[in-house]
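**Student:** This is what each chain is made of:
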Amino acid sequence: DARVTQTPRHKVTEMGQEVTMRCQPILGHNTVFWYRQTMMQGLELLAYFRNRAPLDDSGMPKDRFSAEMPDATLATLKIQPSEPRDSAVYFCASGPLTDTQYFGPGTRLTVL
Amino acid sequence: GESVGLHLPTLSVQEGDNSIINCAYSNSASDYFIWYKQESGKGPQFIIDIRSNMDKRQGQRVTVLLNKTVKHLSLQIAATQPGDSAVYFCADTRGTSYGKLTFGQGTILTVHP
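From first to last, the protein sequence lines are chains E and L.
In case it helps, my numbering puts the first sequence at residues 1 to 112.
In case it helps, my numbering puts the second sequence at residues 1 to 113.
If we strip away everything but chain E, and leave its shape as in the complex, we get (with noise of 0.2 Å):
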């Protein structure tokens, strides 16, 4: 059956350093987000796309942060440089038309 998947499932690196996380969403949903979750924050949507433009992208730090969609099979979202409390596991989930969410397998990312 049709799935979200992201790259990597695990990512450990060191502060300063840039990340990219990648996600595939499933084909044919048009609406794209990524989200993070901290045990302190639970879960928090960072940016959203719709037929690959950004609708909003007010829950991420702009000055690190940036999510980008090449084409509509590819979400890309880049951390430099990275800061230990970036530390926390990244999902992304894709949706049809209607308002159903369907999240990835998320990146577990730890900035030493």
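Do not rely on the hints blindly, as some may be mistaken.
Unchecked claim - The list that follows gives simulated cross-link-like pairs (lysine-lysine, DSS-like), each with its CA atoms no further than 27 Å apart:
#1 L/K71 / L/K100
#2 L/K42 / L/K100
#3 L/K42 / E/K78
#4 L/K71 / L/K56
#5 E/K78 / L/K100
#6 L/K42 / E/K11
To be verified - Here are some chain E residues the structure puts well away from chain L; computed CB gaps all over 12 Å:
#7 E18
#8 P61
#9 S66
#10 D71
#11 S87
Worth flagging that the hints you see were computed from the coordinates, not collected in a lab.
Small disclaimer: the values here were computed from a predicted structure and weren't measured.
Positions of the beta carbon are idealized from the N, C-alpha and C atoms, including for glycine.
Since chain E is already given, all that's left is putting chain L on it; use the hints.
**Tutor:** Then chain L, alone, in the frame of chain E:
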């Protein structure tokens, strides 16, 4: 709902019992509600949804009840199984703010064999 992180509510049940997980939401304009299940190390998995023009919806072993008067949502799981053990999140959104789901803090369900 509002995400508050630590100290998630917990619910422990015996296998075969029925479980009821509750959620309060804050936005009276919300018109779409979703329940997700998240197992350890996995992403949230869609369980069931309901729109504000309904007060009850049933799925396979699950029922969602919506009380708009008191802004309350519940998820009922019939004949709970060990595989149902997970964190359960409710989420809500306004139709005009599609995509901006607001997640509740989550409830940890533990099913004992």
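**Student:** Each hint should be assessed against the structure and marked as holding or not.
**Tutor:** For each hint, the structure was consulted:
1. L/K71 / L/K100: Holds. L/K71 to L/K100 sits at ~18 Å (cutoff 27 Å).
2. L/K42 / L/K100: Holds: L/K42 and L/K100 sit about 21 Å apart, inside 27 Å.
3. L/K42 / E/K78: holds (21 Å)
4. L/K71 / L/K56: holds (14 Å)
5. E/K78 / L/K100: Distance ~21 Å between E/K78 and L/K100 Cα, so the pair holds.
6. L/K42 / E/K11: With a Cα-Cα distance of about 16 Å, the restraint between L/K42 and E/K11 holds, given a limit of 27 Å.
7. E18: Consistent with the label, E/E18 stays out of reach of chain L, its closest Cβ about 24 Å off (over 12 Å).
8. P61: At about 17 Å from chain L, E/P61 clears the 12 Å cut-off, so the statement holds.
9. S66: Given that every Cβ of chain L is farther than 12 Å from that of E/S66, nearest at about 19 Å, it holds.
10. D71: Per Cβ check, E/D71 is outside 12 Å of chain L; nearest 20 Å; holds.
11. S87: holds (14 Å)
Checked against the numbered hints given earlier, the structure satisfies every one of them.
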